[in-house]
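Enquirer: Fit chains B and C to the given chain A structure using the hints.
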Amino acid sequence: MKKTMRCILLSCALPVWGLMASTAAAKDFVLTDTEKGIKLGDWSITSAQLKAQVKTPFSVSNKVLHGGKQEGSEVITISSGDFVIKLSPSRGMGILSVTGKGLRLGWDSPVDEVVNPAFVNLESRGGSGWLDGFNEMMVRCGFEWTGHAVVADGMTYTLHGRAGNTPASKVIVGIEERAPYAISVKGLIKENTFKKSKLETWAELRYVPGSATFTVHDAVTNKGDYRQDFQIIYHSNFGAPLLEEGAKFHAPIKEISPFNDYAVQGIDDWQTYLGPTRDFDEMVFNVIPFADENKQTLALLTNKAGDRGVSIGFDITQLPVLSLWKNTDTLKQGYVTGLEPGTSFAYPVTIAREQGRVRTLEPGQSANFDLEYRLLPDRAAVDGSLKRIAAIQEQGPLQVNKTPMTRK
Amino acid sequence: MKKTMRCILLSCALPVWGLMASTAAAKDFVLTDTEKGIKLGDWSITSAQLKAQVKTPFSVSNKVLHGGKQEGSEVITISSGDFVIKLSPSRGMGILSVTGKGLRLGWDSPVDEVVNPAFVNLESRGGSGWLDGFNEMMVRCGFEWTGHAVVADGMTYTLHGRAGNTPASKVIVGIEERAPYAISVKGLIKENTFKKSKLETWAELRYVPGSATFTVHDAVTNKGDYRQDFQIIYHSNFGAPLLEEGAKFHAPIKEISPFNDYAVQGIDDWQTYLGPTRDFDEMVFNVIPFADENKQTLALLTNKAGDRGVSIGFDITQLPVLSLWKNTDTLKQGYVTGLEPGTSFAYPVTIAREQGRVRTLEPGQSANFDLEYRLLPDRAAVDGSLKRIAAIQEQGPLQVNKTPMTRK
Amino acid sequence: MKKTMRCILLSCALPVWGLMASTAAAKDFVLTDTEKGIKLGDWSITSAQLKAQVKTPFSVSNKVLHGGKQEGSEVITISSGDFVIKLSPSRGMGILSVTGKGLRLGWDSPVDEVVNPAFVNLESRGGSGWLDGFNEMMVRCGFEWTGHAVVADGMTYTLHGRAGNTPASKVIVGIEERAPYAISVKGLIKENTFKKSKLETWAELRYVPGSATFTVHDAVTNKGDYRQDFQIIYHSNFGAPLLEEGAKFHAPIKEISPFNDYAVQGIDDWQTYLGPTRDFDEMVFNVIPFADENKQTLALLTNKAGDRGVSIGFDITQLPVLSLWKNTDTLKQGYVTGLEPGTSFAYPVTIAREQGRVRTLEPGQSANFDLEYRLLPDRAAVDGSLKRIAAIQEQGPLQVNKTPMTRK
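Residue numbers (numbering that gives the first Met the number 0), protein chains in the order written: chain A, 0 to 407; chain B, 0 to 407; chain C, 0 to 407.
Quick caveat, the hints were computed from the structure, so don't treat them as lab data.
There could be a bad hint or two in this list.
Same chains, same names: a pair is fine if it fits in one copy or spans any two.
To be verified - With a straight-line cut-off of 25 Å between C-alpha atoms, the simulated DSS-like cross-links for lysine-lysine are: (1) Lys195 with Lys222; (2) Lys253 with Lys195; (3) Lys35 with Lys62; (4) Lys303 with Lys35; (5) Lys85 with Lys401; (6) Lys85 with Lys194; (7) Lys194 with Lys331; (8) Lys100 with Lys85; (9) Lys331 with Lys222; (10) Lys35 with Lys247.
With the rest of the complex left out, here is chain A (with noise of 0.2 Å):
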């Protein structure tokens, strides 16, 4: 009883999916099937051509870039009323940018194309060259293995792993038959080489038309016969005009401390956002968040005025912790805010393996990782989910180490 009364109160956002997956038949395009040969290309679906019974027409569409380090590049477009819903098969299914609800979620990155893949070479720049094409709201950062780059093994392990520039061998848009005509998209992103992985990972986002969430369902598959690592960053990110001077960073947190010797000067300052700084460069953040007794959680940022806000809720047993990454340098340069729910921290993989934050996967087995990301275009919408943060705080209280876990 009271745990429905929450999930009304909360918008506790499993049943979505959980209906969606079961509910009404889905008609299925697929876009690209590398073993089927095939690859659709410029291609559209709109309600009028579904006859589908809907006040506020869809569509979704997907379109080839060209010129530049973008040519060939994949973009999928989920669009319902002003709820614009971007991303790209070509770069590991990553979402690109979605606006909605008077909201905008994304940055402007200095990187303004969607890079093809095949421009991006991942050893560069001292095995940071996934920086040349980093400009998502959410990537991928992951599965082979996550974080700073960092020579040990006898290789670079390169910035964030090779998923976000993995294109997707396989690219399926599924629409519902019936209200509420339920969009999924997915793509099969293939981390497959001889000798050292054979990690597979079907990446999906999922979107109602109406609704303010939309929500993302990975099942990464070890299609191996040896037990593999992996790692995973949902690498989310937030620029102007949501985040601003005052903007705030809230989660029911048990302990946060510094990712290193610079972010412990704003360590304190740990909730609030300044506004574009010069020199302000990154500070990260480590963060272990409380749950609720089903292991849910959220994390949330507010503009200054709290009546505008985008939350992430996700599974504390899919991913227990959450890197809160503050770019607030000047707009050029990438004002960014990075809510980041993951299986570890930035630290290089070296690092990830001494906190025992690197999981495994036995042969065959998959890993499920859900998280719903909710528009919130009012008060009463931020407060919900404020409210929900207080009622998850309440067990217990939340320690701040100023000190980096690095640092013996």
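Expert: Frame of chain A, contents of chains B and C only:
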């Protein structure tokens, strides 16, 4: 007399390709030509279109693949009845698979796409990025260098060189205009780098419809003005069902030794294969073969029963050594053996230099490589090859060295 | 009065492009625009289609190349009578070759395809992967850095930077709507990397049909919020037949010195060229030129007879130094000389920093580079340039330093 007899008995291959090259006029189809601006893309020709007088129809086709990391890769398929050869101009004319006569040549790599070299970073994984694309039945490891990755001369000599990840600049399909309508597919692989290399290789595959053999004929030419080092390993790979527990390797062997310390423990069992074996990884044995008076030799893989097999015939003046690669690990890890005739073993180029196994080409000079792959569908065919091996072995005893040649 | 006279006598180039930019309205053809989703691919326009009133017809075309490592590369060709300019938007707007007036600008590199940067790994060969694509008559070496490869700051500064292997994000062909129907081709080269660089360069080539000159006008802008280092070398390369034994280099020189110890032995013969010379490799000389009162200078290459040549005019406030690259090795190795005006010499960025030759751009600031390439088809034209050089040289003596500036 005796020699002719043996040729008949042991199905001496050389006359076949000698015949092909000289007898009938051939119709050429230029699929790709960088100089003339030709790239046909999807294309096919059939025996019917050619009005060829054949009982069993044949066809040759080219297909452009899409999706994932195989976007843009091309695959040429030669079909004649149940005999199907697939090769990829995008991947240095590598042979992907051959099926026919109830046999399957090839293997199941965790890499299950025909990876476009644009998505391969040979420098990655400490110079072993080649593993991101490796799944061929035969891949050319060369020509500028071959072998394991090593840092020397201020650069990384990446694993197995660059030819296998070089798209062909010219691709020509030739079909003879009368019986037996021999088919040839040849591609030009350019390893051209200012100040470093101007090695151009015409890589050719020939097949006579209806036959159980196909042949490879490469001519690598130093188009530069300076003496040029080169190496080549014909990395020829066979998996299940031919490879199985009790399968056997045969060759007329002068000397065999373990590649490294790990292989020492397997040297006594060099001739037989294990079934898929967890944690086996790979054992490599260095083989120096005997040859007949024409410098021809052959290596043979048979199943346990000895009623199916595949042989590779080659010339020891062209390819004096053979690497026997036993990768009898689990099925999903890649259960495969490589019979790899080469100018050198799989050691890094630095060691190959010490061993005197790096060859040179004078300006304008070419080196030719001719290999015959023969499918052996029954015991008689297998026994024929075994007899030929036994005859060559009569030249001397098989010497087993239990110490790796790199251990002083 | 005197100044005007000299301009007439010495064919002062600046008014030409000043004129072009201001006089006639131009019709623009957008070939590529990443923002607008435009990519025309194969395209052409002719003077006839434009109803241009010209004696000698002209045309501009774009062609997408196929096959080998040039798959997808584009080449723009400007033709007017026997004058043909080829440049490649795919390779940073580099100029491939220019022919006309009986002259040929360009050279024969072992790299004989217009290599798509997707197939170039700048990190390879110890940071010299740039050599895999180098065959241009003029390639921009910059802008984030230039010079020889060096490991510093935890990364490899790869040989000659990234611009030359960056495909243009926008490409616009402009043709004036009345005589002289001046043609311009400009492309936008973005060197954008999160946290590292936001250098955007409009790279332009202009040609007036019928004339013997073409000009280059680049504007590199720091679109970021922080001061940004940059460097540029206009690596301009000329081979046979203009380059020959006894060919000569001329410039008004304040100081010339050998680049390194190897070049010391060639310093006395800096002005003359050898014929194709086995084992010559390359000698580089560092030149600091004098300029006229408008800061204009020029460098000149003439054949032995002095009746053919090419000059490059540039502004020493923009490009204060020149690298004279003598690569008079064999024809197939690449018989070529580079006359390379630059902000710095070809030393690694670490040395350029010590020399104070790394420039900076404040946020929003642009740097302009204007070069005039003039084909000199006869003795009179050559002598005109020689006179101009002699006039500028009157400012002071030529100082030959026989010790490399890097030797303390």
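Enquirer: Okay, which hints does this one fail, numbers in order?
Expert: 2, 4, 5 and 10
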